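Engineer: Each chain is listed here by its residues.
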Amino acid sequence: GAGVSQTPSNKVTEKGKYVELRCDPISGHTALYWYRQSLGQGPEFLIYFQGTGAADDSGLPNDRFFAVRPEGSVSTLKIQRTERGDSAVYLCASSLSPGGFTEAFFGQGTRLTVV
Amino acid sequence: GESVGLHLPTLSVQEGDNSIINCAYSNSASDYFIWYKQESGKGPQFIIDIRSNMDKRQGQRVTVLLNKTVKHLSLQIAATQPGDSAVYFCAENMGNFNKFYFGSGTKLNVKP
Numbered sequence: 001g002a003g004v005s006q007t008p009s010n011k012v013t014e015k016g017k018y019v020e021l022r023c024d025p026i027s028g029h030t031a032l033y034w035y036r037q038s039l040g041q042g043p044e045f046l047i048y049f050q051g052t053g054a055a056d057d058s059g060l061p062n063d064r065f066f067a068v069r070p071e072g073s074v075s076t077l078k079i080q081r082t083e084r085g086d087s088a089v090y091l092c093a094s095s096l097s098p099g100g101f102t103e104a105f106f107g108q109g110t111r112l113t114v115v
Numbered sequence: 001g002e003s004v005g006l007h008l009p010t011l012s013v014q015e016g017d018n019s020i021i022n023c024a025y026s027n028s029a030s031d032y033f034i035w036y037k038q039e040s041g042k043g044p045q046f047i048i049d050i051r052s053n054m055d056k057r058q059g060q061r062v063t064v065l066l067n068k069t070v071k072h073l074s075l076q077i078a079a080t081q082p083g084d085s086a087v088y089f090c091a092e093n094m095g096n097f098n099k100f101y102f103g104s105g106t107k108l109n110v111k112p
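The listed protein sequences correspond, in order, to chains A and B.
Per this note's numbering, the very first residue in the first sequence carries number 1; after that it's consecutive.
Per this note's numbering, the very first residue in the second sequence carries number 1; after that it's consecutive.
These aren't lab readings, by the way, just hints derived from the structure by calculation.
There may be inaccurate statements among the hints.
Derived DSSO-like pairs: lysine-lysine, alpha-carbon spacing no greater than 27 Å straight-line [what the hints assert, rightly or not]: (1) 42/B x 107/B; (2) 11/A x 78/A; (3) 71/B x 111/B; (4) 78/A x 15/A; (5) 107/B x 68/B; (6) 42/B x 78/A; (7) 11/A x 56/B; (8) 42/B x 15/A; (9) 17/A x 78/A.
Since we're looking at a predicted model, the values are computed, not measured.
Could you put together the complete structure from these sequences and hints?
Structural biologist: What follows is the structure, given as structure tokens:
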């Protein structure tokens with residue numbers, strides 16, 4: 001497809017389990033971002049990749065959260081020992097270049113529910 | 001704007017009227033701003049952007065105004081349509097990369 005694709009669209013998991021969320025950015029986009037959106041709030045930055053490397057992971061809430069982008073395209077956000085407070089919509093975005101003043105295109109998100 | 005948790009500020013307008021959505025941003029060093037539209041169950045969608053060296057920018061039916069003195073951003077939508085109903089977010093960054101800080105959003109409700 002032409003847009004940012006995220007899978008799964010919905011994920012329900014039990015407290016304490018491990019989950020992986022996948023993001024396929026727009027082809028050719030070197031910059032990739034993960035955001036988290038809680039109900040009724042704006043997205044919050046988690047991590048930014050330029051190519052394969054995490055250029056800024058300052059938004060990851062704790063060491064249970066980790067993200068990779070091994071080949072500079074698809075990215076996976078990994079959450080260990082999930083907690084109910086992790087329930088949110090996880091959004092991925094990509095942009096053509098990492099510089100400022102460029103539009104980031106968002107995927108539809110993965111709704112994570114921890115029960 | 002302040003965070004209101006589950007209770008987003010809501011603007012209700014009649015179809016065909018003009019809408020003005022406001023946003024107070026936090027960082028005086030921010031030099032790039034974007035308005036996003038988010039419909040239920042979808043990711044944010046780019047509407048219009050503006051750099052800090054401008055105070056006004058126009059698109060199709062939309063205008064963004066930037067007042068750096070009071071750190072205020074507004075989005076004007078002309079001839080509002082039912083399809084404009086969504087939550088609108090302003091986002092700011094400092095231009096070095098796409099680490100945007102989003103406001104808490106305003107829900108626009110267009111009545112037919």
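Engineer: Are residue 42/B and residue 107/B close enough, with their CA atoms no more than 27 Å apart?
Structural biologist: 14 Å, holds
Engineer: For a C-alpha distance cap of 27 Å, please report whether residue 42/B and residue 15/A respect it.
Structural biologist: 26 Å, holds
Engineer: With a cut-off of 27 Å on the C-alpha distance, tell me whether residue 78/A and residue 15/A pass.
Structural biologist: Answer holds: residue 78/A to residue 15/A is near 14 Å, not above 27 Å.
Engineer: For the pair supplied as a hint, residue 42/B and residue 78/A, is the alpha-carbon distance within the 27 Å limit?
Structural biologist: 22 Å, holds
Engineer: Measure nothing beyond the straight line between the CA atoms of residue 11/A and residue 78/A; if it is 27 Å or shorter, mark the hint as holding.
Structural biologist: 13 Å, holds
Engineer: Compare the distance between the alpha carbons of residue 17/A and residue 78/A with 27 Å, and conclude whether the hinted pair is satisfied.
Structural biologist: 11 Å, holds
Engineer: Given the hinted pair residue 107/B and residue 68/B, is their alpha-carbon gap at most 27 Å?
Structural biologist: 24 Å, holds
Engineer: Given the hinted pair residue 11/A and residue 56/B, is their Cα-Cα distance within 27 Å?
Structural biologist: Since the Cα atoms of residue 11/A and residue 56/B sit roughly 42 Å apart, the hinted pair is violated (cutoff 27 Å).
Engineer: CA of residue 71/B to CA of residue 111/B, is that 27 Å or under?
Structural biologist: 30 Å, violated
In summary, the numbered hints that this structure violates are 3, 7.
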